[in-house]
Amino acid sequence: MFAARIRSALPAARPLAQTSRVGALQRTTPAFARTIITKRYTKDHEWVSYDSETKIGTVSITDHAQQSLGDVVFVELPSAGSEIKQGDQIGAVESVKAASDIYAPISGIIEEINETLGDQPNLLNKSPEDEGWLCKIQVTNPAELDDLLNEEAYTKLCEDGEDH
Amino acid sequence: MSILRQLKVVRTAALRSAQAPTARVFSYQLSTKASKDPPVYVSASDCPYHNLAFEDWLFRKTDASVPLLFIYRNAPSVIIGRNQNPWKEINLRALNTLGIPFVRRKSGGGTVYHDLGNTNYSVSVPRESFDRRSNAELVAAAVRALGPPAYVNERHDICVDGYKICLFFSSLFGSAYKIIGRRAYHHGTMLISAKLDQLGDLLRNTKDTLTTKGVESVRSPVRNLSHFTPGIAHEAFVGATVREFRKKYGGNEKPTIVGKDDMFRVEDVRKGIEELQSWEWSHGQTPEFTHVLTRSFPWGAITAHMHSKHGLILDSTRIDCDGDTVCAESCAAIGEELVGSRYGDVSELISRVEGDGGEKADIRSAVLRWLGEEM
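Going line by line, the protein sequences match chains A and B. Each residue of the first sequence is one higher than the last, beginning at 1 in the UniProt record's numbering. Each residue of the second sequence is one higher than the last, beginning at 1 in the UniProt record's numbering.
If we strip away everything but chain B, and leave its shape as in the complex, we get (with noise of 0.2 Å):
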């Protein structure tokens, strides 16, 4: 509940900035031609916060009757949707070693890598001229203009011999209204020259007893557009989309290019960004899950029947050891400690358990320690 009033918080504050000084000047700045031309933006930034938030604005804010297109990269990151869970989807430990974020998205659907290897686009349009095909078909066109002879097939995602060359998210997040009565949206990333080895060692998932509710992702054969005409780049593509999506819907003007000054001028994108980077979004909003861990001790087998929603651990999770008393109620002595506290975060814990010296003590932060690597 916390998440979605701070959801509703934010929503609130993109109402009213409607009015507000900032997004007049933000909107001035976007449109100095003055010109009826289809808005298309190019993001500066290579942040996916930014580029998230930037979107996710755009995609709530702007006049539903025009068509808009919003293109942008990212640095190495890891972006999951809306209701997944990190610790199902993701090797955190993979990700932390090589530095790389996660971040969840605003939209739903599954987790996909992102590098500078590949391009990620959005079209707006209005719900009169919705097509998911005929999107599809326009990025197709901007990709064959390129060399690759990619089509459309029956389930819409653009290919190349039979090989998916773009991956999609489901449409960005919005109320039922605009969904449904009045824009749609269309979301792809084109994997052009994307490291795609990086993509299995990250999303490895070997938390095999993890149980989880909310959304899993789905695999799927992929090739990057360099593997079949070597040498396209982020440039090329974006001239020949923004070229497709002007012949379609119109307009000559040359795109606007947006950094993250431009992005940081907007108070909502800001508070956008900032709640990207929350701890209470990127893993408070996870599903509940359970997670069943066992190892053998020195002084018995223990089995963690691990539960948490909201990225919390729940009081039913349970600690067992099938040793002695003393180990017996070490463990449940860990157990009613972890309630409360953050999924996989025992360092705090560690530290307050090993000040209190004797036998519990070493069970407990031995115990505490493999938790917090098998979490």
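Pulled out of the complex, with its shape left as it was, chain A reads as follows (with noise of 0.2 Å):
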């Protein structure tokens, strides 16, 4: 929720590879440093958190898709160190009605995964978008951002599904 706090804050968040050079340089001087977080979500009811500074992603799914799904007995994890491709599976979550697929809502390298969520699966549940994050990964690409959704048109979408 903070993060989209963020988010919704700082809606200029285009071009992205400008940005991202600017936090670059400016490491050095942290009390200056600009960084743009970028969150975005896709079909597929994933999100990810884009540091314009770090170039991480941070992913997981979405409130509304942990809501659908009830309460979550296992999450699939990919292995640190894989390089991994827009819209490629990268894990799963089972919950007591469904078992799904996730996949990567932008290219990269996963950086680093969750591991509480191998003991604590139920993070999901509580904290979605916060402390139930699935993986982190070092993002090649940031432009593939402008593919994704922006939280107004993935609310919409959900939305959209329950008008059926």
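Calculated from the structure, these hints are not laboratory results. One thing to keep in mind: the hints can contain errors.
[To be verified] No farther apart than 30 Å at their CA atoms in a straight line, the calculated lysine-lysine pairs in the DSBU-like style are these:
| # | chain 1 | residue 1 | chain 2 | residue 2 |
| --- | --- | --- | --- | --- |
| 1 | A | Lys97 | B | Lys271 |
| 2 | A | Lys43 | B | Lys61 |
| 3 | A | Lys156 | B | Lys61 |
| 4 | A | Lys55 | B | Lys61 |
| 5 | A | Lys97 | B | Lys248 |
| 6 | B | Lys360 | A | Lys97 |
| 7 | B | Lys164 | B | Lys195 |
| 8 | B | Lys88 | A | Lys126 |
[Claimed, not checked] Reference listing, derived: stretches of chain A covered by chain B, where coverage requires no fewer than 3 residues with Cβ under 8 Å from a Cβ of chain B:
| # | stretch |
| --- | --- |
| 9 | 65-79 |
| 10 | 131-137 |
Every value quoted in this text rests on a predicted model; they were computed, and no experiment measured them. Built from N, CA and C at the ideal position, the CB exists for glycine as well.
Grab the two chains, each in its own frame, and use the hints to assemble them into the complex.
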């Protein structure tokens, strides 16, 4: 929720390639670092929160997804170090109702996985958009964020789905 | 990750073959009457690999806007959930003695025993009409038409007289987009005249020191339909369920009977069958677990701290012995040799060790044999 608020406070996240370069140059002077966090969503109900300074994209499933899936009982995570392309399957979530694939919202290399989910899969229910992150990806092509949905478009997608 | 990669290959292939000639031939054959009726398929195969692969393909590939019913039976087999541990859930030795296979399905949930005495059904419906209760009611109505006074309880289980007569898996495997956005799947196993005592033997878990991540099964009091109305058969249940499905979702076409040959005509089903039969899927998909084994030998008490992930033995595995140096060194050597090998499979290591000769080889061979039995 916090990340979502930051994102909406900084709606002008484009052009990404340029802003991230600025962030990298200013790394030595953190007091003035201009980090832009961009949060985007997929139609498959994943989210990615991209940090322009570190070029790390944090990935998980949305609050809407965890609510629809119900109690999560197991999370399959990718291996750290593996290279993935946008749209690749990077894991799966099993809940009491369903088992569903997770697809990479963005291309890159898996930097870190959230080991805590191995013992506490229900973190995905408690905190899907914060502590329940699945993996961190070293993003290779931030421009891919443009293919994803912003918060408004994603919210609309969820509402349309419920109207059926 | 290799499994995930494999899955992805299957998925991509499934998408490709939407335009492939094999798929067209098959869908043409399945709808020769050019009818718009919601399709109903009844399997003529009793092979669990065929039926589960076909079911997965149907769910992933077919038009999400059309309701669909698939009914099948399996020859004796144990079906485990996607994220379960076969070493924990199943008495593998009893299973091997009886020559019964275990199959890891693509969907989540717990372990079930299948034989020709239970009938499996899957209903796929577009999201807007999905309501787990109404689908359970559909099947309860089919059962009532055959005699037993079935009802749906508050947890949406189908019961007679307080006993569950039907077991549910969670929804089939699919993308969240399909599950959340476009369609929902309901899958059940109706107990008609299943050998429920087999279930006790095969699913009895004696490995108390095996601690596993993943999903554990929950047992509940169940009864066969034939307990309430003797003589109920698979065919009658199929007929009644198809009638109720048609009543609710329309159409009047007879079910399409799908045989092994029809299934094998679809490349993705063939690949699905291969994948279900592979070690990488059946064992390699097992979540991380530890297993502590102890036993006294003439040379000392041995404790094996086994650690496994993806069905392989991890390098954190340790084998301790409180005996003399020879014993301790032999055990430490086994611990190292086991790393990377498939859990429970020590035959190759034993033959290698026995070639060595000497006291250490005797110890290692005895310990390996014991581990092979207990893992």
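Evaluation of the provided hints:
Simply put, Lys97 (chain A) and Lys271 (chain B) have alpha-carbon atoms about 26 Å apart, close enough for the 30 Å limit, and the pair holds. The hinted pair formed by Lys43 (chain A) and Lys61 (chain B) meets the criterion: a straight-line CA distance of about 18 Å does not exceed 30 Å. For the hint linking Lys156 (chain A) to Lys61 (chain B), the alpha-carbon distance of about 26 Å falls within 30 Å, and the restraint holds. A C-alpha spacing of about 36 Å is found between Lys55 (chain A) and Lys61 (chain B), which places the hinted pair above 30 Å, so the restraint is violated.
Between Lys97 (chain A) and Lys248 (chain B) the alpha-carbon distance is near 23 Å, which keeps this suggested pair within the 30 Å criterion. Between the alpha carbons of Lys360 (chain B) and Lys97 (chain A) the distance comes to roughly 52 Å, so the proposed pair goes past 30 Å and is violated. Distance restraint check for Lys164 (chain B) and Lys195 (chain B): the Cα-Cα separation of roughly 15 Å lies within the 30 Å cut-off, and the hinted pair is therefore satisfied. Proposed proximity of Lys88 (chain B) and Lys126 (chain A) is supported: the alpha carbons are some 28 Å apart, at most 30 Å.
Chain B is given as covering the stretch 65-79 of chain A, and this holds because 8 residues of the stretch bring a CB closer than 8 Å to a CB of that chain, at least three being needed. Given a C-beta distance limit of less than 8 Å, the hint that chain B covers the stretch 131-137 of chain A is violated, as 0 residues qualify and 3 are needed.
The structure is inconsistent with the numbered hints 4, 6, 10, although it conforms to all the rest.
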